Amino acid sequence: MLALAIATLVNVAQAAPTDPSKFTSLHPFQKFAKGEGEGVAYEYKSRTKVQFIALLRDKRLAKKEMRVTCEVLVRQMVEGNKDLPFEGCEGASAAIERDENFAVVSCRDEMFQRDNWLAVTNKDGSAFGVWHRKCLSGEQVLVYKGHPIVSLTCLNVAIPVLQTAPLPPKPTVTTTITVACPDGFALVANAWSLSAMPDGLRKKAEELVGSAKGRDTSNATNPEAYKPDAVSRTIGGQLRREVKTRAAVDTHVVIQLRDPKTTAVVKELGTIRLVAGTGTISISDEQRAMIVETIWPTNFMSPIASGAARRLWLFPEEWRNWCSMNVHGLVP
1 MLALAIATLV
11 NVAQAAPTDP
21 SKFTSLHPFQ
31 KFAKGEGEGV
41 AYEYKSRTKV
51 QFIALLRDKR
61 LAKKEMRVTC
71 EVLVRQMVEG
81 NKDLPFEGCE
91 GASAAIERDE
101 NFAVVSCRDE
111 MFQRDNWLAV
121 TNKDGSAFGV
131 WHRKCLSGEQ
141 VLVYKGHPIV
151 SLTCLNVAIP
161 VLQTAPLPPK
171 PTVTTTITVA
181 CPDGFALVAN
191 AWSLSAMPDG
201 LRKKAEELVG
211 SAKGRDTSNA
221 TNPEAYKPDA
231 VSRTIGGQLR
241 REVKTRAAVD
251 THVVIQLRDP
261 KTTAVVKELG
271 TIRLVAGTGT
281 ISISDEQRAM
291 IVETIWPTNF
301 MSPIASGAAR
311 RLWLFPEEWR
321 NWCSMNVHGL
331 VP
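For the sequence shown, the working numbering begins at 1 and goes up steadily by one.
Quick caveat, the hints were computed from the structure, so don't treat them as lab data.
Quick caveat, the model's predicted, so the values are computed rather than measured.
The beta-carbon is built from N, C-alpha and C at its ideal position, and this holds for glycine as well.
There may be inaccurate statements among the hints.
Stated by the list, open to error - Listed next, with one range per pair, are the computed distances between beta-carbon atoms:
#, residue 1, residue 2, range
1, G270, E110, 47 to 55 Å
2, R57, P260, 32 to 40 Å
3, T245, S211, 38 to 46 Å
4, R273, P228, 26 to 34 Å
5, N219, R108, 55 to 63 Å
6, P316, D199, 42 to 50 Å
7, E242, K82, 17 to 25 Å
8, R273, D115, 40 to 48 Å
9, S195, V275, 19 to 27 Å
10, E207, L136, 41 to 49 Å
11, R60, P260, 35 to 43 Å
12, G184, A276, 49 to 57 Å
13, L136, V275, 26 to 34 Å
Unchecked claim - Derived BS3-like pairs: lysine-lysine, alpha-carbon spacing no greater than 30 Å straight-line:
#, residue 1, residue 2
14, K59, K227
15, K244, K213
16, K213, K227
17, K45, K59
18, K64, K213
19, K244, K261
20, K64, K204
21, K213, K203
22, K244, K145
23, K45, K63
24, K82, K64
25, K64, K203
26, K261, K227
27, K244, K267
28, K82, K59
With the hints as constraints, model all of the structure from the sequences given.
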């Protein structure tokens with residue numbers, strides 16, 4: 001993979017915090033009393049940024065030291081702090097390692113008693129709550145642009161407290177930051193079995209497939225028909241969190257690049273080999289600027305057929321600052 005960096009113009013004004021009770025993937029919600037609540041770390045100890053990055057990269061180490069998987073921890077970080085420039089464990093570890101906006105500071109009591117909640121979750125990532133507490137002895141905190149993200153001692157994620165009254169508007173400052181993806185960019189394909197999904201999720205997937213069938217792609221030339229809500233955009237993240245096993249599918253997904261202005265096919269990039277329902281292909285920075293088209297086998301039910309093939313289009317703006325993107329296909 002190519003070691004590339006993206007120079008992106010961003011607004012550094014803090015996004016408005018979200019009420020944790022509204023996090024659809026983190027229900028049920030409850031508040032714990034001050035000083036109470038379960039820590040993510042099995043052992044409370046001083047950790048450096050390098051040690052935290054190692055947890056994100058080493059599943060065995062994470063399992064030894066944490067009550068949750070890396071995926072659950074990163075999902076809480078991203079859902080509670082909308083401006084984080086990454087998605088997934090690989091993207092998180094790369095960004096935290098290279099982006100100078102991430103720093104380690106000493107804990108201050110107001111961080112977790114006034115300005116933020118601390119997240120609580122069980123090992124399955126389903127029993128979520130928040131609580132306030134004072135700093136632990138010698139506690140260090142990972143911050144992004146000065147805002148607390150996670151305690152490096154207990155490994156609990158900081159969730160911004162909602163303001164009861166609007167704050168004065170902050171001046172808009174535009175600056176350039178570099179989001180590092182030392183391993184380049186990746187496109188990850190996932191296959192799921194509709195019959196293996198929980199009832200509610202299966203019903204939503206069926207509705208999305210039905211809606212897609214009513215769109216006119218003009219024989220795979222109309223980009224607007226590929227932009228509305230789809231399985232990947234709407235429930236892709238939920239599938240990865242809630243359905244433990246991919247479909248037992250070994251196959252190939254063809255990858256093509258299309259011109260974003262004309263939609264004409266520029267080149268065939270190759271194939272993603274799916275083994276047990278998942279596979280990855282490297283994408284360069286230049287290729288992310290194109291429409292990345294995935295063409296799925298005919299035995300899939302989603303994506304739906306358009307232009308004589310089952311196609312899903314990923315548009316340049318959808319990559320944002322992610323180092324990797326996921327696309328999803330469904331079998332019965």
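A quick look at each hint next to the structure:
1. G270 and E110 have their C-beta atoms about 52 Å apart, which keeps the hinted 47 to 55 Å range intact.
2. Separation of R57 from P260 is about 33 Å and conforms to the stated range, judged on CB atoms against 32 to 40 Å.
3. Checked against the hint of 38 to 46 Å, the C-beta distance between T245 and S211 comes to roughly 26 Å, which is inconsistent with it.
4. Checking the proposed 26 to 34 Å range against R273 and P228 shows it holds: the Cβ atoms sit about 29 Å from each other.
5. Between N219 and R108 the Cβ separation comes to about 60 Å, which falls inside the hinted range of 55 to 63 Å.
6. In this structure the hint that P316 and D199 lie 42 to 50 Å apart at CB is violated, the actual value being about 36 Å.
7. A hinted range of 17 to 25 Å for the beta carbons of E242 and K82 is consistent with their spacing of about 21 Å.
8. Evaluation of the 40 to 48 Å hint for R273 and D115 yields a pass: the beta carbon distance comes to about 47 Å.
9. One distance hint, 19 to 27 Å for the beta-carbon pair S195 and V275, holds here, with the actual separation near 21 Å.
10. At roughly 46 Å, the beta carbons of E207 and L136 sit within the given window of 41 to 49 Å.
11. For the pair R60 and P260, the beta carbons lie near 41 Å from each other, so the given range of 35 to 43 Å is met.
12. Checked against the given bound of 49 to 57 Å, the beta carbons of G184 and A276, roughly 24 Å apart, lie outside it.
13. Taking 26 to 34 Å as the suggested C-beta distance range, the pair L136 and V275 does not conform, at roughly 43 Å.
14. With a C-alpha separation of about 35 Å, the suggested pair K59 and K227 falls outside the 30 Å cut-off, and the hint is violated.
15. A hinted pair counts as satisfied when its Cα atoms are at most 30 Å apart, and K244 with K213 qualifies at roughly 28 Å.
16. Our distance criterion of 30 Å between C-alpha atoms is met by K213 and K227, whose separation comes to about 13 Å.
17. For a cut-off of 30 Å, the pair hint linking K45 to K59 stands: about 19 Å separates their Cα positions.
18. Our distance criterion of 30 Å between C-alpha atoms is broken by K64 and K213, whose separation comes to about 46 Å.
19. A hinted pair counts as satisfied when its Cα atoms are at most 30 Å apart, and K244 with K261 does not qualify at roughly 38 Å.
20. A distance of roughly 36 Å separates the Cα atoms of K64 and K204; the hinted pair therefore is violated under the 30 Å criterion.
21. At roughly 16 Å between alpha-carbon atoms, K213 and K203 fall within 30 Å of each other, so this suggested pair holds.
22. Annotation: proposed proximity of K244 to K145 is violated, straight-line Cα distance about 34 Å (limit 30 Å).
23. Restraint check: the Cα-Cα separation between K45 and K63 comes to about 16 Å, which is no more than 30 Å; the hinted pair holds.
24. With a C-alpha separation of about 28 Å, the suggested pairing of K82 with K64 holds against the 30 Å cut-off.
25. In summary, the hint linking K64 to K203 is not supported, as the alpha carbons are separated by about 37 Å, beyond the 30 Å threshold.
26. For the hint pairing K261 with K227, the CA-to-CA distance comes to about 15 Å; that is within 30 Å, so the pair holds.
27. Using a Cα cut-off of 30 Å, the hinted pair K244 and K267 is violated, with the two alpha carbons roughly 35 Å apart.
28. The hinted pair formed by K82 and K59 meets the criterion: a straight-line CA distance of about 25 Å does not exceed 30 Å.
Of the numbered hints listed earlier, those contradicted by the structure are 3, 6, 12, 13, 14, 18, 19, 20, 22, 25 and 27.
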